[in-house]
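Undergrad: Protein chains in written order, with this note's numbering: chain P, 176 to 354; chain U, 33 to 421.
Just so you know, the hints here were simulated from the structure itself, not pulled from any lab data. Quick caveat: nothing in here was measured; it's all calculated off a predicted structure. Please note that a few of the clues may not be correct.
[Claimed, not checked] Listed below are the simulated DSS-like cross-link pairs for lysine-lysine, each with C-alpha atoms no more than 27 Å apart in a straight line:
hint: 1; chain 1: U; residue 1: Lys340; chain 2: U; residue 2: Lys394
hint: 2; chain 1: U; residue 1: Lys394; chain 2: P; residue 2: Lys263
hint: 3; chain 1: U; residue 1: Lys411; chain 2: U; residue 2: Lys365
hint: 4; chain 1: U; residue 1: Lys258; chain 2: U; residue 2: Lys340
hint: 5; chain 1: U; residue 1: Lys318; chain 2: U; residue 2: Lys399
hint: 6; chain 1: U; residue 1: Lys340; chain 2: U; residue 2: Lys317
hint: 7; chain 1: U; residue 1: Lys340; chain 2: U; residue 2: Lys318
hint: 8; chain 1: U; residue 1: Lys318; chain 2: U; residue 2: Lys306
hint: 9; chain 1: U; residue 1: Lys274; chain 2: U; residue 2: Lys232
hint: 10; chain 1: U; residue 1: Lys399; chain 2: U; residue 2: Lys317
hint: 11; chain 1: P; residue 1: Lys282; chain 2: P; residue 2: Lys336
hint: 12; chain 1: U; residue 1: Lys306; chain 2: P; residue 2: Lys263
hint: 13; chain 1: U; residue 1: Lys402; chain 2: U; residue 2: Lys317
hint: 14; chain 1: U; residue 1: Lys274; chain 2: U; residue 2: Lys340
hint: 15; chain 1: P; residue 1: Lys177; chain 2: U; residue 2: Lys394
hint: 16; chain 1: U; residue 1: Lys306; chain 2: P; residue 2: Lys177
hint: 17; chain 1: U; residue 1: Lys390; chain 2: P; residue 2: Lys177
hint: 18; chain 1: P; residue 1: Lys263; chain 2: U; residue 2: Lys390
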Amino acid sequence: MKEIRIHGRGGQGVVTSAELLALAAFNDGKFSQAFPFFGFERRGAPIVSFVRINDSPIRLRSHIYNPDYVIVQDPTLLDVEDVTSGLKPGGMVIANTEKEPEKLGLKAEIRVRTINATKIAMETLGSPIMNTALIGAFAGATGEVSVGSIKCAVTSRFPGKIGVKNAEAVQKAYDRMRG
Amino acid sequence: MEIMEGSRAVAEAVKACRPNVIAAYPITPQTHIVEEIARMVADGELASEYVRVDSEHSAMSVCVGASATGARTYTATTSQGMALMHEVLFNAAGLRLPIVMTAANRSLSAPINIWNDQQDTVSERDSGWIQLYAEDTQEASDMIIQAYKIAEDHDILLPVMVGMDGFILTHVHEPVELCPQEKVDDFLPSYDPAYYLTPKNPLSFGTIVYPSTYTEFRYMIHEAMKRAERKIIDVASDFRDKFGRHYGGLIDTYEAEDAEVLIMAMGSVIGTAKDAVDELRSDGKKVGIVKVRCYRPFPAEAISEAVKNAKAIAVLDKNISLGYEGALYTDVKSALYNENGPLALGFILGLGGRDITKNTIKSIAEKAQKAIKSGRVEKDSEFVDVGVL
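Let's have the full structure, built from the sequences with the hints guiding it.
TA: Here is the structure:
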């Protein structure tokens, strides 16, 4: 079983990202589960959501304390909370930032990939809604879900032009990670 | 199968049951269920009358009135909303109205807390509603269809509430298989009321009864509750024949045959407990699970039969009868009082959304094994992981 924890702020699509990842993994033929840890939702407040991906049905309902992967949507969170808390040895952080991985101040043994997903979103969508680009980057960095399935999940969740644009952002971020 | 939110899986099952009247007031974490149903009605996917009421008291009152006219009715609530329904719940049962309700289980104030435990439904234990608890979203969805079949049977005619853990099941996205409409239509024909309000045949529901007959009415409700035990088992197996899924009847067991320790609980914690039990088993520990699907009527016989070979049982309660112990624990011990049964330990946990992990379950199993070794229960009932503020 692979466990993913997503850190972001209210309004950045933290919950949607988890749902899209679960949907994409399911489209890949895996079992998956996505769930939020809801507080009293406030725009801008730190929020966490969780994804599990497995080859057999998932029964476990607890929060994720020892993730294989951590996705950080907002680089300012790195100063506020310990996003790498409980990260498995050999686990990876995928962060949305313009900085290079070694500039994030995380422990040297943690594998870190960074991508300026906000920039990709601005270029592709014309707005800073970077959560779809960031899960594209996740697919590129980890290979845990296929980019095709993520694009499918995105276009089914957001029908029409907006979905197509988001799928473009997914592909761009994916390619950059693969690049 | 497709991935969907638990709330939507429930809404889809409700739609497939074709209720005539839905009345609901939104409250977290039930909101997504009633929003989705409202959308279905607004979009013309579901031909029901959706009554937007001013409170949960009104929601249940509308269901009572509509059900008395022979309509199939649905509502959903949680927590404070359930508490506000309290007096009407007793009326629904006493009038023998087969209303079905989803309870998105949540804690009760104060202090205010929006997260999961089962205090809301457990506190309505004595209302005359049949109470079922779902382990996952698939079961929460399928139970709606089963609930109408149980409730509307002329031998039963009692309301049913289906408990699904708030957030944990209402907000999770996971794979669900929806029941095809034509199969549901076949399994659950339109409601055929035994008695109903109609100008053509004037009747009175809920008139005053004197000390000479009140006891008899209570007795009849109780007898219907007892008959519901058989009905719940039968409906579960009919459902399996039709749809291929089965979750147990009144209870279900997991790795229980040779278990020395049996963990007993209701709702979504069963999933986490199953994973914990698999790990304990691979360490050679004989631990199993009894899942209590039906809390009212209380399956005393099924439980004493299921635990008779165990050396200790650990009963998990996401509720507390303040000043005593967890409600399930009390009921289980009562069922075993004359049975020379296993040692029993009670644990209060998961209150107000406190997370329950595999390690929580393992430490509980370990306490039960210690009790077996020493031959006695040191702490009858205890809070798990409690700090002092």
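Undergrad: Taking only the CA atoms, is the gap from P/Lys263 to U/Lys390 under or equal to 27 Å?
TA: Between P/Lys263 and U/Lys390 the Cα gap is close to 17 Å, so the pair holds against 27 Å.
Undergrad: What's the verdict on U/Lys306 and P/Lys177, does the C-alpha distance respect the 27 Å limit or exceed it?
TA: holds (18 Å)
Undergrad: P/Lys282 and P/Lys336 were given as a pair; does the straight-line alpha-carbon distance stay at or below 27 Å?
TA: Distance of about 41 Å is beyond 27 Å: violated.
Undergrad: U/Lys411 and U/Lys365: Cα distance at most 27 Å?
TA: Between U/Lys411 and U/Lys365 the Cα gap is close to 14 Å, so the pair holds against 27 Å.
Undergrad: Within a Cα-Cα threshold of 27 Å, do U/Lys306 and P/Lys263 meet the stated pairing?
TA: holds (23 Å)
Undergrad: Does the structure keep U/Lys258 and U/Lys340 at a Cα separation of 27 Å or less?
TA: holds (22 Å)
Undergrad: Keeping to a limit of 27 Å between CA atoms, is the pair of U/Lys274 and U/Lys232 held or broken?
TA: The given pair, whose Cα atoms are some 37 Å apart, is violated under the 27 Å limit.
Undergrad: Is the hinted pair U/Lys399 and U/Lys317 satisfied, with a Cα-Cα distance of at most 27 Å?
TA: holds (13 Å)
Undergrad: Given the hinted pair U/Lys340 and U/Lys317, is their Cα-Cα distance within 27 Å?
TA: Given pair U/Lys340, U/Lys317 holds - Cα atoms ~18 Å apart, limit 27 Å.
Undergrad: Within 27 Å, alpha carbon to alpha carbon, are U/Lys274 and U/Lys340?
TA: Violated: U/Lys274 and U/Lys340 sit about 32 Å apart, past 27 Å.
Undergrad: For a C-alpha distance cap of 27 Å, please report whether U/Lys318 and U/Lys399 respect it.
TA: At roughly 13 Å apart (the allowed maximum being 27 Å), U/Lys399 and U/Lys318 satisfy the hint.
Undergrad: Holds or violated: U/Lys318 with U/Lys306, Cα cutoff 27 Å?
TA: holds (13 Å)
Checked against the numbered hints given earlier, the structure breaks hints 9, 11, 14 and satisfies all the rest.
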